[in-house]
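Trainee: Sequence:
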Amino acid sequence: MKKAFSPPTPDQVAAYAREIGYDKLAADPGRFCDYYETCGWRTNHGPMKNWQAAVRNWRRMDAERGMNAVATARAEEEARRKEAEARMREVVARYAREWVVADGWQRNPAPVPLGDTGRFLRGPEDPEKEKHLIETKARDAYGAEGSRMLRECIREALAEESRRAAHA
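Numbering of the sequence shown is given in the working numbering, commencing with residue 1187 and proceeding in unit increments.
In short, the hints are calculated from the structure, not lab data.
There's no promise every hint is true.
To be verified - Calculated pairs, BS3-like style, for lysine-lysine (alpha carbon to alpha carbon, straight line, at most 30 Å):
#1 K1268 <-> K1323
#2 K1189 <-> K1268
#3 K1235 <-> K1210
#4 K1235 <-> K1189
What the hints assert, rightly or not - Estimated spans, in silico, between C-beta atoms of each pair:
#5 M1247 <-> R1273: 30 to 40 Å
#6 A1239 <-> E1271: 41 to 51 Å
#7 D1248 <-> R1337: 33 to 43 Å
#8 R1260 <-> G1232: 34 to 44 Å
#9 R1246 <-> E1346: 55 to 65 Å
#10 E1276 <-> D1248: 38 to 48 Å
Owing to the predicted nature of the structure, the values given are computational and were not obtained by experimental measurement.
Just so you know, even glycine gets a beta-carbon here, dropped at the ideal spot from N, CA and C.
With the sequences and hints as input, model every part of the structure.
Mentor: In structure tokens:
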């Protein structure tokens, strides 16, 4: 004959949780008992038959939630990293355009607007000083990666300028 279900005590739940290594529930077994007490010791499938199986399911669901939380945190971290990299590219590309303008001024020493900064290059020492300042800003803001990216963007901008001059 089948034994009738009898609800466990919090001490029984804690002991079983410790036995299966589910320390989270062992620390607060009343949570389990209170939850099922409010449901009349019923599950989605009817009256509870085995509270130990329910504890094992709770442990499994907690583990899945934990894995999902880790995956979500990693995805958010990756999105933040990509966003920061895109911002860095945008800023460094602007620095490169300013550097190319300063470099171009050396060949044509008329006052030249410096990108969208509202500043103009005027004197003979300005171009080298400005180029150095731009290189320093990229290095200080983004380290070696910023310096490398700035050199790359400058090469691309100078190559583009050469192509345009050749077609003009």
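Trainee: Given a hint of 55 to 65 Å, does the C-beta separation of R1246 and E1346 actually sit inside it?
Mentor: holds (58 Å)
Trainee: Keeping to a limit of 30 Å between CA atoms, is the pair of K1189 and K1268 held or broken?
Mentor: With Cα atoms ~59 Å apart, K1189 and K1268 exceed 30 Å; violated.
Trainee: Using the C-beta atoms of R1260 and G1232, is the stated range 34 to 44 Å upheld?
Mentor: The hint (34 to 44 Å, Cβ to Cβ) holds, given that R1260 and G1232 are roughly 39 Å apart.
Trainee: Could you tell me whether the CB distance from E1276 to D1248 stays inside 38 to 48 Å?
Mentor: Given a distance of about 42 Å, which is inside 38 to 48 Å, the answer is holds.
Trainee: Does the Cβ distance between D1248 and R1337 fall inside 33 to 43 Å?
Mentor: Check failed, 50 Å falls outside 33 to 43 Å.
Trainee: Taking only the CA atoms, is the gap from K1235 to K1210 under or equal to 30 Å?
Mentor: holds (23 Å)
Trainee: If I claimed the Cβ atoms of M1247 and R1273 lie 30 to 40 Å apart, would that claim hold in this structure?
Mentor: Because 39 Å falls inside the window, the suggested range holds.
Trainee: Kindly confirm whether 41 to 51 Å is satisfied by the beta carbon distance between A1239 and E1271.
Mentor: At roughly 48 Å between Cβ atoms, E1271 and A1239 fall inside 41 to 51 Å, so the hint holds.
Trainee: Does the structure keep K1235 and K1189 at a Cα separation of 30 Å or less?
Mentor: holds (10 Å)
Trainee: Hinted pair, alpha-carbon criterion (30 Å max): K1268, K1323. Please report holds or violated.
Mentor: OK: K1268 and K1323 at ~21 Å, within 30 Å.
Hint violations for this structure: numbers 2, 7, all remaining hints satisfied.
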